[in-house]
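Undergrad: Chains R and Z, in that order, are what the protein sequence lines are. Here the first sequence stands for residues 27 to 188, numbered as in the numbering used here. Here the second sequence stands for residues 27 to 188, numbered as in the numbering used here.
Hints are computed from structural coordinates only; laboratory data are not their basis. Please read all numbers here as calculations on a predicted model, not as lab measurements.
Okay, the calculated beta carbon distance ranges per label pair:
hint, chain 1, residue 1, chain 2, residue 2, range
1, R, Pro115, Z, Lys49, 42 to 50 Å
2, R, Gly107, Z, Leu62, 23 to 31 Å
3, R, His145, Z, His112, 29 to 37 Å
4, R, Lys54, Z, Met106, 32 to 40 Å
Beta carbons: idealized from backbone N, C-alpha and C, even for Gly.
Protein chains: 2
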Amino acid sequence: ARPKVGYFYSGENNASLKLDYMKNITVKDIMSIPVLVDEKESVYEGVTKLFLEDVGTIFVISKEYLVGVASRKDFLRGLMGGIDMHKVPISLIMTRMPNIITVSADESAIMVAMKLIEHEVDSMPVVDAIKEKDKEYLKVIGRISKTNITRLFAELKSSKEE
Amino acid sequence: ARPKVGYFYSGENNASLKLDYMKNITVKDIMSIPVLVDEKESVYEGVTKLFLEDVGTIFVISKEYLVGVASRKDFLRGLMGGIDMHKVPISLIMTRMPNIITVSADESAIMVAMKLIEHEVDSMPVVDAIKEKDKEYLKVIGRISKTNITRLFAELKSSKEE
Chain R
27 ARPKVGYFYS GENNASLKLD YMKNITVKDI MSIPVLVDEK ESVYEGVTKL FLEDVGTIFV
87 ISKEYLVGVA SRKDFLRGLM GGIDMHKVPI SLIMTRMPNI ITVSADESAI MVAMKLIEHE
147 VDSMPVVDAI KEKDKEYLKV IGRISKTNIT RLFAELKSSK EE
Chain Z
27 ARPKVGYFYS GENNASLKLD YMKNITVKDI MSIPVLVDEK ESVYEGVTKL FLEDVGTIFV
87 ISKEYLVGVA SRKDFLRGLM GGIDMHKVPI SLIMTRMPNI ITVSADESAI MVAMKLIEHE
147 VDSMPVVDAI KEKDKEYLKV IGRISKTNIT RLFAELKSSK EE
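Starting from the given sequences, assemble the full structure and let the hints guide the process.
TA: Here is the structure:
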């Protein structure tokens, strides 16, 4: 996924280069495939997708564009509240715009880590902003989470062994 | 929480020292307070604690010692399965020993990141092994998660701005 930057590890034994490597990693280098669900689908269908894809958060769309985010915590809160998960649409339990924290593909991994901590979320949609007439729509192109950041941090290991 | 190593940031502008700083961080420098629940408590009491303390995983104990781990995913699976959360004890839905991944306080943050990724868990109990006669018991002294690792990674930011 990151052909250029990966080179640093093989030959160079230079801490400065390694630190630069970590700092130059951007979202598009480490993001995962997003798991999407239509806003009209039920809570039950949402949870099923969460388990099938084994992700912590799914993104809710309407006509291709982002309208919400539903995490395990949102689902748990909904189920605890006693909703009928087969009848209630996912749009009822999701976090909706404009309260969704998003990132763009060219933001740095460090910025992502800061956003995840500051806004206390586990995962964020990676979006492309598309302007149509006066409105801006967000197209979901990826998913970035604490898992991606943790995996990146684990790469420090390889340079420790040199 | 980490008096010694923190010094590196203030004066030194040396990538090697910064990298060493990251690599020398251990679990005890960054761990959080564990949230514990007795194995006899109900699933409902467990979820309530999860929300009150706002954590993703709680640790289940019996007479002070670790017997299980229950994550949002475990609770969600239980509730989807239609259990009576007021009657069923948390021990029925938890992941139990010996399937629990643990860490000790002196392991490195990098090792933690590798364990979290390899075993696909969000959080792990930090434990002290206590030997009594022939058996070994685990006392929970902390909690370490992808959140702690993400927060640590975000610290790379400060050295970028120099």
